[in-house]
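Peer 1: Going down the list, the protein sequences come from chains A and B.
Going left to right, the first sequence walks through residues 317 to 724 as my numbering numbers them.
Going left to right, the second sequence walks through residues 317 to 724 as my numbering numbers them.
Calculated directly from the structure, the hints in this document are not laboratory data.
Heads up, a few of these hints could be off.
No copy labels: a pair is met if it fits in one copy or bridges any two.
[To be verified] Each computed SDA-like pair below joins lysine to any residue, with the alpha-carbon atoms no more than 25 Å apart:
#: 1; residue 1: 719; residue 2: 650
#: 2; residue 1: 719; residue 2: 498
#: 3; residue 1: 719; residue 2: 509
#: 4; residue 1: 719; residue 2: 611
There are 2 protein chains.
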Amino acid sequence: MTSSLATAQRSLADPAVRHPLWPPLTAGCPVTSTDEVAYPLDVDYDYARVPAGLFTDPLPPGAAHGLDRWAPLLPPLASPGLGEGGTPLVRLADGVYVKDESRNPTWSHKDRLNRVAVGAAKAAGAQGIAVSSSGNHGASAAAYAARAGLPCVVFASPYAPPAVASFVRAYGAAVLTVPFEATRSLMRRMVTELGYQPVSNLTDSAHTGHPFGPEGYKTLAYELFLDLGRVPAAVYLPTGYGELLFGVTKGFRELVTLGLADSVPRVYACEPAARGPLAAAVRTGRPAAHVEFAPTDAYAIGCTVGSYRGVVALRDSGGAALTVTDEQMAAARDELAAQGLWYELSSAAGLAALRAHGSAADADGPVVCVATSSGFKDLATARRDVAHELMAGDWDSVLTALKAAGHA
Amino acid sequence: MTSSLATAQRSLADPAVRHPLWPPLTAGCPVTSTDEVAYPLDVDYDYARVPAGLFTDPLPPGAAHGLDRWAPLLPPLASPGLGEGGTPLVRLADGVYVKDESRNPTWSHKDRLNRVAVGAAKAAGAQGIAVSSSGNHGASAAAYAARAGLPCVVFASPYAPPAVASFVRAYGAAVLTVPFEATRSLMRRMVTELGYQPVSNLTDSAHTGHPFGPEGYKTLAYELFLDLGRVPAAVYLPTGYGELLFGVTKGFRELVTLGLADSVPRVYACEPAARGPLAAAVRTGRPAAHVEFAPTDAYAIGCTVGSYRGVVALRDSGGAALTVTDEQMAAARDELAAQGLWYELSSAAGLAALRAHGSAADADGPVVCVATSSGFKDLATARRDVAHELMAGDWDSVLTALKAAGHA
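Isolated chain A, as found in the complex:
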């Protein structure tokens, strides 16, 4: 099997500015960053050496899961996986496809990122993994750190959903609930003083994140290409900091580079209308934007700061920054549940944006909405007040209850 063909890190602000592949520049590009924006790094590859059959050879048994299959187009995977990726594409009654990322090892898309970023930490000899998250990302980082034999520290919010708090702790991570405004400074000290590698953002000026993280998300584009037998016409993605958006777009761009596809599909960023830093950056023509805090229940993607990655992804794909209200997300979540697919509110942002803003231009091919995580992660899920009252066990009581519930 061909190992990683990754060659270097390049600044997203100026691809001519190259840095060695190691160490991952987790505080952004030291050359091109400004006071306003810490520019993220991108990973470059020796594309000419990608094995000819990587996308076309039949898979050996058991290879349908795990990012290992894509090793040539990823940074070195220095720790074992958990069978991440290889998630199903479910066709709704009206023909729209849902890419079900709740079918990952910790039941969200974040496992694609953490397989790669935690692997990089292992390869770089990090003493542990540090992450700031109150949700899917923290749990996923904790699981991959456990798998890699590295300690993990999660800086969490006291407002994390109760189920998620159990979840992150289960993998043995130390969960430290600190004031939000202290988080990034503490993350930086974990790096500088204890030698931990961060798998979430370190920078104050704009979101930078781990330079290798979005590489894991590329595999979602590869899978869509293989499952559909072509690139889709459009992809709708729940968008927080834009790492998924950037990674998926880059994956499609690579398919064009490799001569496998003719064009990059339109990739739409779908943000909560209450925040929407990427929409704000696009509107004002800036590389990244800060927006005011405003309430949304879509906690997994409710960001007040954006990343230049998102702007680059929309430019490369001809997509757009769409926003959706909590009510639109709730309607999309309910539409999905009524077809047997239960997601957290944030996960329904893709379908919500398609329903609210879907373009006729999408009709020239398959349309995919990515659903990122299960309904278990939502704040309201574990509320005791949804538990059931004991009713009488006679048949007439059952018939009355069924009528009240709208059955027959």
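Got chain A; can you put chain B on it based on the hints?
Peer 2: Here is chain B on its own, set in the frame of chain A:
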């Protein structure tokens, strides 16, 4: 694509007693059942007509998920799937394999059963789906009923975990919490008076269940065979009523029938020591046993009544009925979480039994533990008291907390 080759229902008590394939005999065999035991039905196929390449032809894109691939060896699948099955096999550090069934559409193995049983209800013209469950089975039935466009009634316990209560309701099922002792009688009236099809047990004498349900579980054996390139040496299965046990064993038996494998692996039933109706049946030589209620936290497999299916499966595979304490399951659950895999307590029964009772005879090939469902389903998961206390945000407080947590 070859459609279903199912031909008939046969009594497990006497395979010579055959019934037509339709309707599914959900109250057991009307000919061979006794006052002591309602004997379950088994499904027969025209094995001579199974396509030669079913297990060996390369899959078309996207076909890695969904039971549709196995249509010839299943009853007719009359309603659409959700991409069930095709779950990964994760190798632990010591070489033991974990079949991760939490990676199904409703995050448990039950989706394999419900794809088939709800499809049968649709094919039979049922007015709806009725199920008695406080956990994975109810949620899965609700999801597949939604997907099939059928109403669903779930008779639940007031002791269901809060997260599971949200979960079942999300799919639009009517959840009726009735006294436990009324459930089966109400289930029967749903069938006889409202034309609903049951996907859980109707009979008082012993567990019978839906005759088509275990057929869905056969696919787990097919996948193990393909992923390992051979049948494993031994499979350890969390066991409640024995439907998974019977289905997996039947799948291996069919591989022998089809000339693909030489023998059926040892399949071990792993029950909570507090109950263990299958172990009791084996010990006393009876076709099924009732045991006293005794407390266990393994609520998903804590049954007081067994099924003849389990006895048949152990006879066919040369396996054994093993029991494990809650403490052994908790240790196995923690062992799995420490490698990045978080399951509910019941799901760890397989690994717990391997660790407690694993036989040297297993060493002649791969050993597989099936993990059935995610940690989100457990009673303790959503407890508010695991939420985090806000701590101070200075570096010294972080160092103190990390030391207390055993880091650095």
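Peer 1: Next step is simple, just say for each hint if it's right about the structure.
Peer 2: Hints versus structure:
In this homomeric assembly, residue 719 and residue 650 come within 25 Å of each other (Cα to Cα) only inside a single copy, at 21 Å, whereas the closest approach across copies is 45 Å. For a Cα distance limit of 25 Å, the shortest separation of residue 719 from residue 498 across copies, 19 Å, qualifies, whereas the shortest one inside one copy, 53 Å, does not. Taking identical chains as interchangeable, the C-alpha atoms of residue 719 and residue 509 lie at most 25 Å apart only when they sit on different chains, with a minimum of 15 Å there against 64 Å within one chain. Taking the shortest Cα distances, residue 719 and residue 611 never come within 25 Å of each other, neither inside one copy (37 Å) nor across copies (36 Å).
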